Amino acid sequence: QKEVEQNSGPLSVPEGAIASLNCTYSDRGSQSFFWYRQYSGKSPELIMSIYSNGDKEDGRFTAQLNKASQYVSLLIRDSQPSDSATYLCAVIRASQGGSEKLVFGKGMKLTVNP
Amino acid sequence: DAGITQSPRHKVTETGTPVTLRCHQTENHRYMYWYRQDPGHGLRLIHYSYGVKDTDKGEVSDGYSVSRSKTEDFLLTLESATSSQTSVYFCAISDQGTYGYTFGSGTRLTVV
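Those sequence lines, one after another, are chains U and H.
Numbering follows the working numbering, with no gaps: position 110 of the first sequence is 110.
When you read off a place in the second sequence, starting at 1, and then add 1000, the result is the number in the working numbering.
Keep in mind the hints are simulated off the structure, nothing from the lab.
Source: prediction; values computed, not measured.
Accuracy of the hints is not assured; some may be wrong.
To be verified - Result set (DSBU-like, lysine-lysine): computed pairs, CA atoms no more than 30 Å apart in a straight line:
id	chain 1	residue 1	chain 2	residue 2
1	H	1057	H	1011
2	H	1053	U	109
3	H	1057	H	1070
4	U	42	H	1057
5	U	101	U	2
6	U	42	U	109
7	U	106	U	67
8	U	2	U	56
9	U	101	U	56
10	H	1057	U	2
11	U	2	U	109
12	U	56	H	1057
13	U	56	U	42
14	H	1070	U	101
15	U	56	U	106
16	H	1057	U	106
17	U	42	H	1011
18	U	67	H	1057
19	U	67	H	1053
20	H	1070	U	67
21	H	1070	U	109
22	H	1011	H	1070
23	H	1070	U	2
24	U	42	U	101
25	U	101	U	67
26	U	2	U	42
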């Protein structure tokens, strides 16, 4: 099982719809979870972080975490064409010596159609 | 990105030659990382540093070495470049290691 898994997609939604992106992880000890957005040809940009079970909202973005089921999701409300990008789920994995490392899923490409 | 600079932005090199990529930060962050990004594989960690002269391997470290002699600079060296190392390389920095990382703009490396 991959450490961090995302559906490969792509996902296409109409403008104004809700886009739902999902991610599962294998390490039950993980405590920190992130969503990055990456436009084509650009570097990943952190858009959401979540550390405890439940929902965390920031504008049109909501991150959801369920540690018992080991999944993280990202909801984008009122999707806009400018949201078209690849979304990367990432999880902090603790390692020997306490040097945590960020492990990424392969990403999900989202297209929002006008 | 502000505070983190990668150089060069693009490079074409021949198989068998050594190549060094540079990551420079002005944020005084303790942690620095090198990732490569390839279609179908996503972002994979090559090496990372948790302090000056303190480095460790990531999941795809074969054929790569790193050095960090100053807080602000983290160098990635391909000892003898191969075509399989054609990729986009990203440097990232983090203050505490457990929070989200900030990425540089990337280096597109082509090995011919």
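Check whether the Cα positions of residue 42 of chain U and residue 1057 of chain H lie no farther apart than 30 Å. Cα-Cα ~25 Å, so holds.
Pair hint residue 101 of chain U and residue 56 of chain U, alpha-carbon separation not exceeding 30 Å: The hint holds at about 23 Å.
Distance restraint between residue 56 of chain U and residue 42 of chain U, which requires alpha-carbon spacing of 30 Å or less: Given that 30 Å is the threshold and the Cα spacing comes to 26 Å, the pair holds.
Does the alpha-carbon distance linking residue 1057 of chain H and residue 1011 of chain H stay inside the 30 Å limit? holds, 24 Å
With a cut-off of 30 Å on the C-alpha distance, tell me whether residue 2 of chain U and residue 56 of chain U pass. With Cα atoms ~25 Å apart, residue 2 of chain U and residue 56 of chain U stay inside 30 Å; holds.
Between the alpha carbons of residue 67 of chain U and residue 1057 of chain H, is the straight-line distance 30 Å or under? Holds - the C-alpha atoms of residue 1057 of chain H and residue 67 of chain U are around 28 Å apart, at most 30 Å.
Tell me if the straight-line CA distance from residue 106 of chain U to residue 67 of chain U falls inside 30 Å. Distance of about 20 Å is within 30 Å: holds.
With a cut-off of 30 Å on the C-alpha distance, tell me whether residue 42 of chain U and residue 1011 of chain H pass. holds, 17 Å
Hint consistency between residue 1057 of chain H and residue 106 of chain U [alpha-carbon to alpha-carbon, up to 30 Å]: holds, 20 Å
Given the hint that residue 56 of chain U pairs with residue 106 of chain U, does the C-alpha gap stay at or below 30 Å? holds, 23 Å
Is it true that the CA of residue 1057 of chain H sits at most 30 Å from the CA of residue 2 of chain U? holds, 19 Å
Given the hint that residue 1070 of chain H pairs with residue 67 of chain U, does the C-alpha gap stay at or below 30 Å? Violated - the C-alpha atoms of residue 67 of chain U and residue 1070 of chain H are around 38 Å apart, more than 30 Å.
Violated hints for the displayed structure, listed by number in ascending order: 2, 12, 19, 20, 21, 23.
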